[in-house]
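Top to bottom, those sequences are chains A and B. Number 49 in our numbering belongs to position 49 of the first sequence; there are no gaps in the numbering. Number 47 in our numbering belongs to position 47 of the second sequence; there are no gaps in the numbering.
To be clear, the hints were calculated from the coordinates, so they are not data collected in a lab. Everything numeric in this text was worked out from a predicted model, so none of it was measured. A couple of the hints might just be wrong.
[To be verified] Label pairs and their in silico Cβ distance ranges:
no., chain 1, residue 1, chain 2, residue 2, range
1, B, Gln9, A, Pro61, 40 to 48 angstroms
2, A, Gln80, B, Pro110, 44 to 52 angstroms
3, B, Ser26, A, Gln81, 46 to 54 angstroms
4, B, Lys54, A, Arg14, 30 to 38 angstroms
5, B, Gln66, A, Gly85, 34 to 42 angstroms
6, B, Glu3, A, Pro61, 15 to 23 angstroms
7, A, Gln50, B, Thr12, 36 to 44 angstroms
Ideal Cβ positions, reconstructed from N, Cα and C, are used throughout, including at glycine.
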Amino acid sequence: NAGVMQNPRHLVRRRGQEARLRCSPMKGHSHVYWYRQLPEEGLKFMVYLQKENIIDESGMPKERFSAEFPKEGPSILRIQQVVRGDSAAYFCASSPMGRSYNEQFFGPGTRLTVL
Amino acid sequence: KNEVEQSPQNLTAQEGEFITINCSYSVGISALHWLQQHPGGGIVSLFMLSSGKKKHGRLIATINIQEKHSSLHITASHPRDSAVYICAVERDSNTGKLIFGQGTTLQVKP
Chain A
1 NAGVMQNPRH LVRRRGQEAR LRCSPMKGHS HVYWYRQLPE EGLKFMVYLQ
51 KENIIDESGM PKERFSAEFP KEGPSILRIQ QVVRGDSAAY FCASSPMGRS
101 YNEQFFGPGT RLTVL
Chain B
1 KNEVEQSPQN LTAQEGEFIT INCSYSVGIS ALHWLQQHPG GGIVSLFMLS
51 SGKKKHGRLI ATINIQEKHS SLHITASHPR DSAVYICAVE RDSNTGKLIF
101 GQGTTLQVKP
């Protein structure tokens with residue numbers, strides 16, 4: 001059973017470009033969380049999705065960021081018109097259920113560098 | 001003030017020493033997680049607990065709900081235990097969304 005997959009592992013973008021980060025949850029998991037780790041800072045929650053639904057996006061910046069988790073395929077975190085402050089490690093985690101008491105399994109992360 | 005505070009921020013130990021990392025939180029929670037982040041950046045879930053104590057190998061995690069405090073203990077520490085240890089809490093039992101501490105960087109010297 002493959003773990004949580006994220007790609008790309010490293011992504012370099014110039015200011016103003018778009019970044020698309022992909023997350024394939026573990027088999028059988030229908031709940032995905034995205035977290036961001038800014039340089040020298042702790043992890044912060046961004047968004048929680050179930051298949052075809054955004055459940056909680058309270059941690060998402062109001063502009064330029066969006067997330068989806070379609071019926072088929074990976075979850076996508078999309079950052080439009082990237083700025084240097086978007087440089088960070090983005091982790092996704094999946095769990096079989098979104099409720100408490102369920103372990104979250106983390107992917108290896110995507111390290112985004114904005115030039 | 002952060003909702004989740006860890007101490008110490010940095011810890012250096014000699015191989016074989018008993019290690020304790022502390023986590024205090026200021027909000028009501030439904031569960032608490034301990035995570036390990038390796039130097040390469042990958043994150044592994046170590047424990048999830050809502051009461052009492054759990055043990056896995058040389059790792060022990062305890063939680064005191066009344067005192068809003070949890071500890072992670074490592075017995076017979078080894079250089080391969082060197083990593084960042086992160087405490088995270090779930091406030092909302094309906095979503096499982098995590099709020100993280102700043103992490104404790106542990107270095108175990110041979």
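Now for the hints, and whether the structure bears them out:
no. : hint                                   : result
1   : B/Gln9 - A/Pro61: 40 to 48 angstroms   : 27 angstroms, violated
2   : A/Gln80 - B/Pro110: 44 to 52 angstroms : 48 angstroms, holds
3   : B/Ser26 - A/Gln81: 46 to 54 angstroms  : 36 angstroms, violated
4   : B/Lys54 - A/Arg14: 30 to 38 angstroms  : 46 angstroms, violated
5   : B/Gln66 - A/Gly85: 34 to 42 angstroms  : 40 angstroms, holds
6   : B/Glu3 - A/Pro61: 15 to 23 angstroms   : 20 angstroms, holds
7   : A/Gln50 - B/Thr12: 36 to 44 angstroms  : 42 angstroms, holds
Hint check: violations occur at hints 1, 3, 4; the rest are consistent with the structure.
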